[in-house]
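Chemist: In case you want the letters, here they are:
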Amino acid sequence: MKLHELTIYQARSLLQSREISAQELTAAVIDRILEVDNDIKAYLTLTPELALEQARQADARRAAGEDDPLLGIPLAIKDIICTEGIPTTCGSKILEDFIPPYSATVVEKLRAAGAVILGKTNTDEFAMGSSTENSAYFTTHNPWDLTRVPGGSSGGSAAATAADECLGALGSDTGGSVRQPAALCGVVGIKPTYGRVSRYGLVAFASSLDQIGTFGKDVTDCALLLSVIAGYDPRDSTSVDEPVPDYLSALVPDVRGMRLGVPQEYFIEGIQPEVEAAVRAAIDLLAEMGAEIVDISLPHTGYALPVYYLLAPAEASANLARYDGIKYGFSFPDAADVWDAYRKTRQYGFGAEVKRRIMLGTYALSAGYYDAYYLKAQQVRTLIKQDFDRAFALCDVVLCPTSPTTAFKIGEKVDDPLQMYLSDVFTLSASLAGLPGLSLPCGFDAQGLPIGLQIIGRAFDEATVFRVAYTYEQVTDWHTRKPPL
Amino acid sequence: MKLTREEVEHIAELAKIGLTEEEKALFQEQLSAILEYAEMLQRVDTSAIPPTATVLPLRNVMRPDEPHPSLPREDVLANAPQSEDGCFRVKVILES
Amino acid sequence: MDSRKPTGDYEVIIGMEVHAQLDTKSKMFCGCRADVFGAEPNTLVCPVCLGMPGVLPVINRRAVECTIMTGLALNCSIAEFSRFARKNYNYPDLVKGYQISQYELPLCHNGWLEIEADDTTKRVRIERVHLEEDTGKLFHMGTYSLVDYNRSGVPLMEIVSEPDMRSAAEAYAYLTKLRQILRYLGVSSGDMEKGAMRCEVNVSLRPAGTETLGTKVEIKNLNSFRSVKMALEYEIQRQAEILDKGGTVEQVTMGWDEERQRTVVQRSKEFAHDYRYFPEPDLPPLEISREWVAEIRAQLPELPDAKCDRFVAQYGLSVYDATVLSAEREVADYFENCVALYPQAKTVANWISGEIFRRMNEAGLSITEIKVTPQGLAGLLNLVEKGAINLNTARRVFIEMLESGRSAEAIVAEQGLAQMSDIETLERIVDEVLAANPDQVQQYLAGKETVARWLVGQVMKATQGKANPQLVNKSLSEKLQALQRLREDKKSATHL
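Protein chains in written order, with this note's numbering: chain A, 7 to 491; chain B, -5 to 90; chain C, 19 to 514.
Derived from the structure by calculation, the hints contain no laboratory data. Just so it is clear, CB atoms sit at the ideal spot from N, CA and C, and this is done for glycine as well. Take these hints with a grain of salt, some might be off.
Unchecked claim - Okay, the calculated beta carbon distance ranges per label pair:
1) B:Glu3 <-> A:Pro249: 34 to 40 angstroms
2) B:Pro61 <-> C:Ala358: 33 to 39 angstroms
3) C:Ser242 <-> B:Arg53: 37 to 43 angstroms
To be verified - Straight-line alpha carbon distances no greater than 20 angstroms define the calculated SDA-like cross-link-like pairs of lysine to any residue that follow:
4) A:Lys99 <-> B:Pro75
5) C:Lys466 <-> C:Ala453
6) A:Lys391 <-> B:Ser41
7) C:Lys497 <-> C:Asp449
8) B:Lys18 <-> A:Tyr354
What the hints assert, rightly or not - Covered stretches of chain C, as calculated for chain A (at least 3 residues, CB under 8 angstroms):
9) 72 to 82
10) 101 to 115
Put together the whole structure using the sequences plus the hints.
Modeler: Structural data, given as C-alpha cells:
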C-alpha cells in the first residue's frame, strides 16, 4: 500500500509500531501533492519545508516516548482558518498578503496533538459558494472527474482528502460547506453541533451558523479528528462547556433498535434519481441491520433556503465590513479620499458573489426592511428548529441525501446564483437548527460520481451520528474506492 | 420584490462597495430574483413565533477583568498597507 | 449675537448623551489594558481589539457590573435579559466596520437623577444606560490621517437622559452631578479633558406654553464642562434669534468651536445614518438574576446626596460644609477618618476646607495625594486640644507635615515647639515684659486697653510663640489689673 493512501488510523498504528516515520509519511504525501495537484488544485498555499520540520519534531517526540493522537499525521487546513505566520487568504484578493499573527484554536489543538500541517486548501471566497468557483485564485477540480466541481466551499479540503493529498483535513460549514463537498468528492465529512468546536481563528462568514468540521477518508478518521478539535474555548463565547465524548469508542457497528427518521420533504422533485435510489438503498440496508425506520416530517424544510440566504448574508455584511484596506489586506492605492478608498478597495478586493451577499444582507438589515426580511427569517428559523425538536422525539437520527445531485460541471451554475444556492438545499436546515450533520459515501451514479448520505443528529450527539455512519460503512465499500487519477 | 437602480446604489453606499454600471444592472436583476424567491416566507404565519438569533442555550458567558499582554507593535503594523509613526495611515477624511 | 438677551419667550428643551470610559483593568472584549491614556500609539492592542479576521469578543464581567452599578445609582430598572448588538457603520477609527453596542435591550433603563440648579431641585429622567466599546483615535495631518487603535475596545458606558433639562445651567448641573456619581462609584474618572467622559447635547426651543416639539439640534465635540455650558448658551441664543425673526431652525449636527466660541454645522439632516442594528451573534445574551443585582447593590457606596444629609444629621455640620465635604468621595472619607480620631467635626471641616483645600489647589493634588493623612491631621488637632501647642504653632507644624509627611508629634518634639504652660516661667516672662515696656504700661493704665494685646504679642515673641496664649492672657490681665488698682489707691490717697 502506498503511504499517501493510508487512513489516519492505519498510519497511526504504523507510526506507533515504528514501521514508518512521520518524515517518510509526510514526504510521501508531499510527493503525491506534487504529482496530482496541478490537475486538482486543492491547495492555495503549500508549506512543505514547514511540514517536514514538523514531521521531524513528531519523530523526535515519538522517540521520546510520546504518543499524541495525531503525532506525525499530515493534514490540510482550509484557508479560512488562521495559521500563525502562514498566509490566510480566505480565497479572497482582499486578504492576498494577510499573514495572521495568531493561530485558530483548532490549529493549536491539532499541533498540540502532533499533527503535521501540509498547507492551506482552496475555498470559495469567504466560504461563500458551493463549488470553489468563487475562489479569487482558481477553481479546484473534482478528483473523480476533473471537468466537475468538488463542491464547496471547503472543496479544496474535500478534494485533497479524496485524492490522497492529505490524510485528513479541516473545513468549515455554514450551510453545508463540509457536507456537500464531502458528498461530491466521496469522502466523509462532519459539521458538528454549533458550539462544539471553537470558532476562534475561523474567519467569520455567518457567525451564528459557522462551524469547523473535519474530513476523513472514513468515519473513523473523521471522528478521530473531531475528538481532537472539539471542546470549550474561553476565547469563543459560543463554544459550549460540555464534555467531549471519546468518539472512537462510539464506533460500534450496531444499529439494532435505533430509530432512523426519514423525512418525506427531502425526496422531492428535482433530486437526481440515482441520488434518491442510493440513499434509499442505504436506508434499507440499515433497516436490514436492525434499525427501525420512522417516517417523519420536517414541514418547514422548503423555507430553509430563503431563511439561510437572508440570515447568512446579513451577518456576513457586518463580518466583512472590516475589510477596508486600512489595517491589513488589499488597499486600493489611488483613492481620492478615505471614502473613495473604502469603495474601491471593496469593489476590487471582493469577488461578485461576496459583493452580492454583502448587498443582500445589507438590504435585509436596512431601515424599513428589517422586519420583513431579517426578523421574519429568524422567526422561520425557529420553526425549522422546532421541526427537528419534534422529529427527534420520534427518532435518534435523521437520514437524507446530502446534495440533490452529484458533482456538476465547472461553469454550469456560475451565472445563476439561485441555481447554485439550490445545491445546498439539503444541508441548510441542520445548519439553521445548529445540529450535527455528517455525509458519507453511499454509492455512485452512472458517471462514476460519488453520492453522499447525510446523517443529522441531536445537538451534541455526534456520537450517535458516528455510530450509524460507522455501522453502514462496515458493510459497504464505497469509501474504499479511489478516484481514477 | 423588484429593486430599483437607486436602491441598489443606496445599498452599495451603505455597504461601501463601489459598483460599475454593469454591476449595478446585474445586481439589480439578481438581487431582485433572490428577494422574489424569499417572498415565500411571507406565506408563513409567524405572528406567535419568537425569532431565533442563536440556537445556543448559553447565557452570561463572561471573563474576569484581568489584563493580558498586547501584541508587539511590529506585529500590529506588519499587515498594514500604510503606516507612519507607529500609526495606521489613511487617506484624508472628507465628511460625506 | 454678542448681547445676550433673555429667551423668556421660549421654553428650552435639552437632552444629553454622555459616554463614560469605565475604569476597568482590561478592555471590554479582550485582555488588553484599558488605561490607554498617554500610551504610545498602537502598543495596547491585540487581534481582538484590532478587529483582525477570525477573532472573537469575550465580555468583561467587571464592565457589566460597573454599568449595572451605575444604573442602580441612577435609580434605573436593571434588565432581566439584555444583549449586545452590532451597530454598523464605517469610519477609519472603527476596526470592524461595526461597533459592539446595545440596542433594544440595554442593561439599564428608566431611571432618574436629582439635580439642583436655578435654586430648585428637579429630577432628570434617564432613558437608558448601556455598554459598548470605544473606537480608536484619529490624528488629522492635513492631506491624510493617522490612526491609533489603543482606545479601540475600551469599555464605554452610554447614559442617555430624557429631554428634561430646561436651561444651560440645568444641563451643567446634570453633567456635574453625573460625573460626581460616576466618580463616587469608582466606575469612571469622568475626566472630560482626557476624553474619559464625552458629551453630546441636543437642544430645541418652543414657544413657552406650547407642547409641540421644536427642531432638535445636536451638538458634539464638547470637551469640557465649560464648553457644554457655553455651547448651550450660544445655541439657545442662536435658535431664539432665528425664531424671533420668524425663521425656522434647521435639523443639523453642530460642533463646538472652542477657539471661535461658537457652534458650527458639522452635518446636515440629509445625511441620515442607517445603523442596521442586529443581535451580536458572537456573544450569548445576559440573564441578570435579581441575586446578582442584589450583590452589586450591596457594593454600592453611599451616594453624595445621602452622605451630605448624614453629615448634617450626624456631625451637626452646616448644609454648606456638608455639601463641600461630600462632593468627592475621597474628601468625605478623609473627613470621616479624621473625625473618628478627633471628634470635633466642625474644626475638622474647617481645616479641610481651609488648609487642606488650599494645599490641594496650590499643588494640583488630590486629597489622597497630599502627605498629611487623616490620622496626621487628627494628631495635630489633638495636640492643640490638649494645649500642647497653640493654633499658630499648629499652622506652622501643618506646613511642615505637608512637606515631610511626618507626624505632628514628631515635629513638635524635634523642634521644641511644645507650648509653654509652666505658670512660674510664664509669670516671670510677663514681669520682664512689663518692666521692659513702662511706656506701654502707662498707656494701658491711662485707659488705652488695646495695648494689652500688644503686650501679649511681646510675651509670645519672647517665647518664640510657644507660650500658651490663654495663660499669658490670664497672667497679663491679672498683673495689669493689679497695677491699675495700685494706681487708683495712690490717686485717692493724694486727694485725701
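Chemist: Each hint needs a verdict: does it hold in this structure or not?
Modeler: Hints, one by one, checked against the model:
The hinted range of 34 to 40 angstroms is not satisfied by Glu3 of chain B and Pro249 of chain A, whose Cβ atoms lie roughly 52 angstroms apart. Between Pro61 of chain B and Ala358 of chain C the CB atoms are about 35 angstroms apart, so this pair conforms to the stated range of 33 to 39 angstroms. A C-beta distance of roughly 41 angstroms is found between Ser242 of chain C and Arg53 of chain B, which places it inside the suggested range of 37 to 43 angstroms. Taken as a hint, the Lys99 of chain A and Pro75 of chain B pair is honoured in the structure, with Cα atoms around 14 angstroms apart against an allowance of 20 angstroms.
Annotation: proposed proximity of Lys466 of chain C to Ala453 of chain C holds, straight-line Cα distance about 18 angstroms (limit 20 angstroms). Distance hint between Lys391 of chain A and Ser41 of chain B is fulfilled; the C-alpha atoms sit about 17 angstroms from each other, no more than 20 angstroms. Between Lys497 of chain C and Asp449 of chain C the alpha-carbon distance is near 8 angstroms, which keeps this suggested pair within the 20 angstroms criterion. In summary, the hint linking Lys18 of chain B to Tyr354 of chain A is supported, as the alpha carbons are separated by about 15 angstroms, within the 20 angstroms threshold.
Here's how the stretch 72 to 82 of chain C fares: 6 of its residues keep a CB closer than 8 angstroms to some CB of chain A, so the rule of at least three is met and the hint holds. Coverage of the stretch 101 to 115 of chain C by chain A holds in this model, with 7 residues showing a Cβ closer than 8 angstroms to a Cβ of that chain against a need of three.
Violation of the numbered hints given earlier is confined to hint 1; every other hint is satisfied by the structure.
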